[in-house]
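Chemist: Hey, can you work out the whole structure from these sequences and the hints?
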Amino acid sequence: MINSLLLFRTVLSTVVMAAVLFSPPSALAQETENSCLQCHESQPGRLGEPVTLWRTSIHADNGIACHSCHGGDPALMSMEAMDPDRGFLGVPVETDIPDFCGRCHVGVREDYLKSAHGRALGKGGPQCVTCHGNHRVMKASPALINPQDCSRCHEYGRAGEIKGAVEETDRLIGVLEGDLAALHRAGIATREMEGELFSLRNSFHRLFHSVEVERVRAETARVRDDLEKIRHKVEQIQQTLFVRKVGGGIVVGLLVVAGLLAAFIRRTYHEEEA
Amino acid sequence: MGVKTKIVDFLDVRLGIRDILEQNLTKYLLPRNINVWYTLGAVLLTLFAIQFATGILLLIYYIPNTADAFASVQEIMNEVPFGWLIRTVHAVGANIIVLALLLHMLSVLFMASYKRPRELTWVAGFLILLLSLGMCLTGYLLPWSQLSFWATTVATESSSEIPLVGDAVVRFLRGGAMVGQPTLGRFFALHVMGFPLVFGPLVLFHLFCVRRAGVSRPPFGEDYRPSEPLPVFRHEEHPEGIPFFPNYMAKDAAVIAFFLALLFAIVFFAPGLFFPPAAFDPADPFVTPAGIKPEWYFLWAYQTLKVFPSEFLGLAVQGGMVTFLLFLPFIDRFRERRPAKRPVFVTCYVLGILLFVGLSIWGHYS
Amino acid sequence: MEESPISPSRRRFFLSILLAGIGAMLAAVALWPLWRYLSPPAGSGKEEKMAMARNLVPVGGAHFFQFNGHPAVLLQNSPGSFLAFSAVCTHLGCIIQWQPEKGEFLCPCHAGRFSSTGAVLAGPPPKPLESIPVTLSGDQVLVG
Numbered sequence: 125m126i127n128s129l130l131l132f133r134t135v136l137s138t139v140v141m142a143a144v145l146f147s148p149p150s151a152l153a154q155e156t157e158n159s160c161l162q163c164h165e166s167q168p169g170r171l172g173e174p175v176t177l178w179r180t181s182i183h184a185d186n187g188i189a190c191h192s193c194h195g196g197d198p199a200l201m202s203m204e205a206m207d208p209d210r211g212f213l214g215v216p217v218e219t220d221i222p223d224f225c226g227r228c229h230v231g232v233r234e235d236y237l238k239s240a241h242g243r244a245l246g247k248g249g250p251q252c253v254t255c256h257g258n259h260r261v262m263k264a265s266p267a268l269i270n271p272q273d274c275s276r277c278h279e280y281g282r283a284g285e286i287k288g289a290v291e292e293t294d295r296l297i298g299v300l301e302g303d304l305a306a307l308h309r310a311g312i313a314t315r316e317m318e319g320e321l322f323s324l325r326n327s328f329h330r331l332f333h334s335v336e337v338e339r340v341r342a343e344t345a346r347v348r349d350d351l352e353k354i355r356h357k358v359e360q361i362q363q364t365l366f367v368r369k370v371g372g373g374i375v376v377g378l379l380v381v382a383g384l385l386a387a388f389i390r391r392t393y394h395e396e397e398a
Numbered sequence: 003m004g005v006k007t008k009i010v011d012f013l014d015v016r017l018g019i020r021d022i023l024e025q026n027l028t029k030y031l032l033p034r035n036i037n038v039w040y041t042l043g044a045v046l047l048t049l050f051a052i053q054f055a056t057g058i059l060l061l062i063y064y065i066p067n068t069a070d071a072f073a074s075v076q077e078i079m080n081e082v083p084f085g086w087l088i089r090t091v092h093a094v095g096a097n098i099i100v101l102a103l104l105l106h107m108l109s110v111l112f113m114a115s116y117k118r119p120r121e122l123t124w125v126a127g128f129l130i131l132l133l134s135l136g137m138c139l140t141g142y143l144l145p146w147s148q149l150s151f152w153a154t155t156v157a158t159e160s161s162s163e164i165p166l167v168g169d170a171v172v173r174f175l176r177g178g179a180m181v182g183q184p185t186l187g188r189f190f191a192l193h194v195m196g197f198p199l200v201f202g203p204l205v206l207f208h209l210f211c212v213r214r215a216g217v218s219r220p221p222f223g224e225d226y227r228p229s230e231p232l233p234v235f236r237h238e239e240h241p242e243g244i245p246f247f248p249n250y251m252a253k254d255a256a257v258i259a260f261f262l263a264l265l266f267a268i269v270f271f272a273p274g275l276f277f278p279p280a281a282f283d284p285a286d287p288f289v290t291p292a293g294i295k296p297e298w299y300f301l302w303a304y305q306t307l308k309v310f311p312s313e314f315l316g317l318a319v320q321g322g323m324v325t326f327l328l329f330l331p332f333i334d335r336f337r338e339r340r341p342a343k344r345p346v347f348v349t350c351y352v353l354g355i356l357l358f359v360g361l362s363i364w365g366h367y368s
Numbered sequence: 005m006e007e008s009p010i011s012p013s014r015r016r017f018f019l020s021i022l023l024a025g026i027g028a029m030l031a032a033v034a035l036w037p038l039w040r041y042l043s044p045p046a047g048s049g050k051e052e053k054m055a056m057a058r059n060l061v062p063v064g065g066a067h068f069f070q071f072n073g074h075p076a077v078l079l080q081n082s083p084g085s086f087l088a089f090s091a092v093c094t095h096l097g098c099i100i101q102w103q104p105e106k107g108e109f110l111c112p113c114h115a116g117r118f119s120s121t122g123a124v125l126a127g128p129p130p131k132p133l134e135s136i137p138v139t140l141s142g143d144q145v146l147v148g
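So the protein sequences, as listed, match chains A, B and C.
Residue numbers 125 to 398, in the numbering used here, belong to the letters of the first sequence in order.
Residue numbers 3 to 368, in the numbering used here, belong to the letters of the second sequence in order.
Residue numbers 5 to 148, in the numbering used here, belong to the letters of the third sequence in order.
Source of the hints: derived by calculation from the structure; they are not laboratory data.
Incorrect hints may have been included.
Residues of chain C clear of chain A, computed beta-carbon distances all greater than 12 angstroms [as the list claims (entries may be wrong)]: (1) 55; (2) 62; (3) 75; (4) 84; (5) 86; (6) 124; (7) 135; (8) 138; (9) 139.
Calculated cross-link-like contacts (lysine-lysine; reagent style DSBU-like; alpha-carbon spacing at most 35 angstroms) [said to hold, decoys possible]: (10) A:369 <-> B:295; (11) A:263 <-> B:295; (12) A:353 <-> C:53; (13) A:357 <-> C:53; (14) A:247 <-> A:263; (15) B:295 <-> A:357.
In this text, a Cβ means the ideal position worked out from N, Cα and C, and glycines have one as well.
Modeler: Below is the structure:
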């Protein structure tokens, strides 16, 4: 008896000791940081700033990192990562900036180069970074068009008109995005509509860059029509969801009444049992 | 003669069913002071029947491979008429079942109905609980959403802390190094056939034990005294009792109706309760969403593993507790069933509930 | 509690009638969605048009695609002349295959043969292939 108790305790202590020796909980680290971030993050001054700025950007939110724009090889830990042979582009000169961003933002580049701003490139005119920044690029909104920034070079007048034309539509786009997100959250298949809306928003935003008031106004009307179609679909779905709730209310109500009736029936039996 | 009587006569002459019906319905007497907690068994049978039915319906449209699973569930939710209803009832129903299982277990513990001669009923019931949790875990993966994928990754990862065989166990559970098609395959097979095939007979055995031993008398009231252990089998009679049908069945019906009302209230008015946003994004093995947590009924285990400095110790403690509960009727051999006279047990009971609730809340916010 | 004016059994009778009524309503409410869930969709053959690039189909060749939930095939028998058919064999519903070297369709189930214009050449199919209207629109082919 005593022997088996001692044996049991010995085994238990061994097991516990072995357990304590084991490492702490395993982490599910999914991040494999690229070499650009790993090196530059710890650097002081202007070499390290871009990382902090980039982290809050919309590019970072969507998995676009240093090499996506600057080229190079983020898998190499040595200076070779920044070798031109590995596609490294370095910092673009001012006149190359539209091409730099336009590798992905194709439509915007097209409209910009045709615009008054594009024609003034290299002669004191603005390029992408002027309004959008370079590392802390945020989701584009009409707030980028404002008196302080635009009057750096000229009068605000026409800029204000463009902003007026687009603000309401941009707001509607935002509202629809929110509604679609709520529907997505409810299990509705919103991928197609979200795609349509995204495409619409992109074509809407690229046309700002032409800085032509009349063109912006005309396109805005067209975008509004397409938005209306999506809005209509969303409203139909919301109506369906409401009808479901009404049906649900009826079902729950019937069940509660059924339960109460059964309980009252039980009580009639209970009275007889007593 | 009415049609019903003719049919019953036909069967009675050939199978003697009148006798069976009487013995199990109108002449089956239950203790007079039987309380509402005894309805939970019928509630669970109903809820499991609904799970079974909705599960079969979902099988018609669900596709169990990683390329099509998510899309097939989306189709059920958006294209198939009332598919959203079947799917939501199945998902919410699983959660209500776990709630009812816990309540059922708590009442059995409190009234000490697990004690001799009902140990086998308890063991079968506890195994049913474990199988149900297994069905919840395997079913969770099937929609192949971000939530499915990563919750399963976390749940299977914890086994890696088992000494010596940990990694092999994880590989075996997943069918590979990571959660993937082999995992979906085996989880699907377990969820649809493997577990139910064991679950069915266990439930039948559990019901048989309940009926054969006789319903336990609630240990309350002036005249209750603990009974002597019996040397031979004796079905517990309640000669002064109330007939199961129709008297107690009315109570069963009422509680079932209220539980169904709760189920459908959640289905129609708060479906998001059990569907976080990650449940609607298709699984992406390269992107872990923030804040992946297990379902509420596993949060206690999740938090325990986080609290213990060594995961192995956390696993061992949980394993120990589960084993203890499984064999409880063989550990607690005292005959006393009245809660007022079981202070140690009631203290542990209350502490256990507080621990479960506390760890779950902590797990939710951590 | 003393005897109430209405006896328990009478109350029980009326309550049971009510409960049976509610039960029937709940059963109907449950059976309707079940019926709709199980019923096959009422022909998704809405007037849906599909557009495809004409260079998907080589001259003398065939291109298979999905149309309104069913397999279909687009042919260009001579330059600029397009035909579209349902790719479901009219015999028992197998999907036909294109035989480029012979310029005709063959059904793998019972060797039914269709010409490049959908007509039955040989075998058990009772009717020619179901034709789908085609219109040309620039470098696009509109089917449906």
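Chemist: For residue 84 (chain C), is the shortest beta carbon distance to chain A beyond 12 angstroms?
Modeler: holds, 32 angstroms
Chemist: Would you assess whether residue 86 (chain C), listed as outside the interface, keeps its beta-carbon beyond 12 angstroms of every beta-carbon in chain A?
Modeler: Residue 86 (chain C) is indeed farther than 12 angstroms from all Cβ atoms of chain A, at 28 angstroms.
Chemist: Any Cβ of chain A at or closer than 12 angstroms to residue 75 (chain C), or is the non-interface label fine?
Modeler: Fine: 23 angstroms to the nearest Cβ keeps residue 75 (chain C) off the interface.
Chemist: Is the hinted pair residue 353 (chain A) and residue 53 (chain C) satisfied, with a Cα-Cα distance of at most 35 angstroms?
Modeler: It holds: about 19 angstroms lies between the C-alpha atoms, which stays within 35 angstroms.
Chemist: Does residue 295 (chain B) pair with residue 357 (chain A) here, judged by a C-alpha cut-off of 35 angstroms?
Modeler: holds, 34 angstroms
Chemist: Tell me if the straight-line CA distance from residue 357 (chain A) to residue 53 (chain C) falls inside 35 angstroms.
Modeler: holds, 20 angstroms
Chemist: With the threshold set at 35 angstroms, check whether the alpha-carbon distance from residue 247 (chain A) to residue 263 (chain A) stays at or below it.
Modeler: holds, 27 angstroms
Chemist: Is it correct that the beta-carbon of residue 139 (chain C) has no partner in chain A closer than or equal to 12 angstroms?
Modeler: holds, 25 angstroms
Chemist: Does the no-contact call for residue 124 (chain C) survive, Cβ to all of chain A over 12 angstroms?
Modeler: Holds, since 40 angstroms exceeds 12 angstroms.
Chemist: Beyond 12 angstroms from chain A, beta-carbon-wise, is residue 62 (chain C)?
Modeler: Per Cβ check, residue 62 (chain C) is outside 12 angstroms of chain A; nearest 31 angstroms; holds.
Chemist: Far enough from chain A: is every CB of that chain over 12 angstroms from the CB of residue 55 (chain C)?
Modeler: holds, 17 angstroms
Chemist: Regarding the pair residue 263 (chain A) and residue 295 (chain B), is the alpha-carbon distance no greater than 35 angstroms?
Modeler: holds, 30 angstroms
When each numbered hint is compared with the structure, no violation occurs for any of them.
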